[in-house]
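K.L.:
Just so you know, the sequences run in chain order U and Y.
Okay, so the first sequence: first residue is 1 according to this note's numbering, each after it adds one.
Okay, so the second sequence: first residue is 115 according to this note's numbering, each after it adds one.
Note that these hints are calculated values from the structure, not bench results.
Worth double-checking, as some hints may not be accurate.
[Claimed, not checked] Rough simulated footprint, nothing fancy, chain U against chain Y, three-plus residues with beta-carbon under 8 angstroms:
(1) 159-171
(2) 214-221
[To be verified] From the derived model, a few chain U residues whose C-beta atoms are all more than 12 angstroms from chain Y:
(3) Ala2
(4) Leu11
(5) Phe64
(6) Ser73
(7) Gly84
(8) Ser86
(9) Leu90
All values reported here derive from a predicted model rather than from experimental measurement.
No residue lacks a Cβ here, since even glycine has one placed at the ideal position from N, Cα and C.
Next come the chains, spelled out residue by residue.
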Amino acid sequence: DAGVTQSPTHLIKTRGQQVTLRCSPKSGHDTVSWYQQALGQGPQFIFQYYEEEERQRGNFPDRFSGHQFPNYSSELNVNALLLGDSALYLCASSVSTGREYEQYFGPGTRLTVT
Amino acid sequence: LAKTTQPISMDSYEGQEVNITCSHNNIATNDYITWYQQFPSQGPRFIIQGYKTKVTNEVASLFIPADRKSSTLSLPRVSLSDTAVYYCLVGEGYSSASKIIFGSGTRLSIRP
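In isolation and in its complexed conformation, chain Y is listed as follows (with noise of 0.2 angstroms):
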C-alpha cells in the first residue's frame, strides 16, 4: 500500500478555494486515489476518487498529474460548514480483498 503525505493543517476563509496536496511517490499502477472527509464525531464520508487527469463531482475536483505521484483535492467556494478533517488514500479502488489505510489527514480550518 503506498504511503501518503498531506499537510497536517490548513486555514481559509469562507467563498475562497482550497487546494489540499497529497504526496503518494510509491503509488502502483492499478491504485486509485481516494479523499475521505470526516466531521467531528462522525465517520468518514467518502467524497471523490479518481485515477489520472481530473475528476469532477458535485463536492470537489480532483487533479492528478501525468506521473501520479501527487494529487490535489479542490474544493470550491469554501463554507463554515467545509471544517473537517480530509483524508487522502491511495490503493486498489476495484479489488475486493483490499483494505482500507488511513494516514493523520489534513485538519481544514474555515473561519467567516
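If we strip away everything but chain U, and leave its shape as in the complex, we get (with noise of 0.2 angstroms):
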C-alpha cells in the first residue's frame, strides 16, 4: 500500500514564475492537506481539500491556490514566486471520518527560488 507520494522531489524556479507541486493521498484517504515549512521551522498550513473543495485555509495569500481531483490527488499552484517561497511542501492525507489529527504526510517537495 503506497503512502502519500508527492512530485516532484525538487524544483527549482525563479523569481516571478509559476509552479504546480502534485500530491497523492494514501489509499482510502479523502482528504488533503498542504504545508509550507521553511528551514529550521514547523510545518505551516495553507490549506486543506476535501469534496474537490477547500475547506479551510492558513494565512497565505491568494497566490497560492489549490486544486483536488475526483480521485482525491491535489495539486498546490504558486503563482509570482518570491524568494521568501523556497520552502519544503508537505501534503498531508487523511480520513474525513477519522481523527483529523492522524494525517499522513509525504516526503515533500523542496522548492528552491532564485
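Put the complex together from the two separate chains, hints included.
P.N.:
Structure, rendered in C-alpha cells:
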C-alpha cells in the first residue's frame, strides 16, 4: 500500500514564475492538506481540500491556490514566486471520518526560488 | 486553538528514557493532544494521541495529568535513530474541519 506521494522531489524556479506541485493521498484517504515548511521551522498550514473544495485555509496570500481531483489527488499552485517561497512543501492526507490530527505526510517537494 | 510550549532542544544518550514535556494551559474540553516526529527532509510522522491519563503504543507513551494543562511524551530506551524534531499539537482530534497548527518543536539529539 503506497503512502502519500509527491512530485517533483526538488524544483528550482526563478522569481515571478509559477509552479505546480502534485500530491497523491494514501489509499482510502479523501482529505488532502498542504503545508509550507521553512528551514528550521515547523510546518505552516496552507489549506485543506475535501470533496474537491477548499475547506480550511491558513494565513497565506491568494498567490497560493489549489485543486483536488475526483480521485482525491491534489495540486498546489503558487503564482508570482518570491524568494521567501523557498521551502519544503508537504502534503498530508487523512480520512474525513477519522481523527483529523492523524494525518499522513508525504516526503515533500523542496522548492528553491532564485 | 490552544497554544503549546515545549523545549527548543534536548540531548540524551542511547538506552536512556527521554521525556519531553509540553505545556498547553488553554486546552479546551474537546481538545486532544497529539505528537508528531520529523526526521530531516521528511514529512512529520504521527506518533501518539491522547485525551487524558496515559496512552501507550509500540513507539511511545503519553502521560496527561488530570488538569490536562501539560503532557509528557516518553520515549523508552532511545537509540540514535530517535534523533528528530518532536512536535506537540493540541486541537479537536475528531473535527472534520480542524486544521493542524505546528509549533517550532523540540529538537532531540541522541548521542552514542
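K.L.:
Now, for every hint given, state plainly whether the structure supports it.
P.N.:
Quick rundown of the hints versus the structure:
no. : hint    : result
1   : 159-171 : holds (count 3)
2   : 214-221 : holds (count 6)
3   : Ala2    : holds, 14 angstroms
4   : Leu11   : holds, 14 angstroms
5   : Phe64   : holds, 15 angstroms
6   : Ser73   : holds, 16 angstroms
7   : Gly84   : holds, 18 angstroms
8   : Ser86   : holds, 14 angstroms
9   : Leu90   : violated, 5 angstroms
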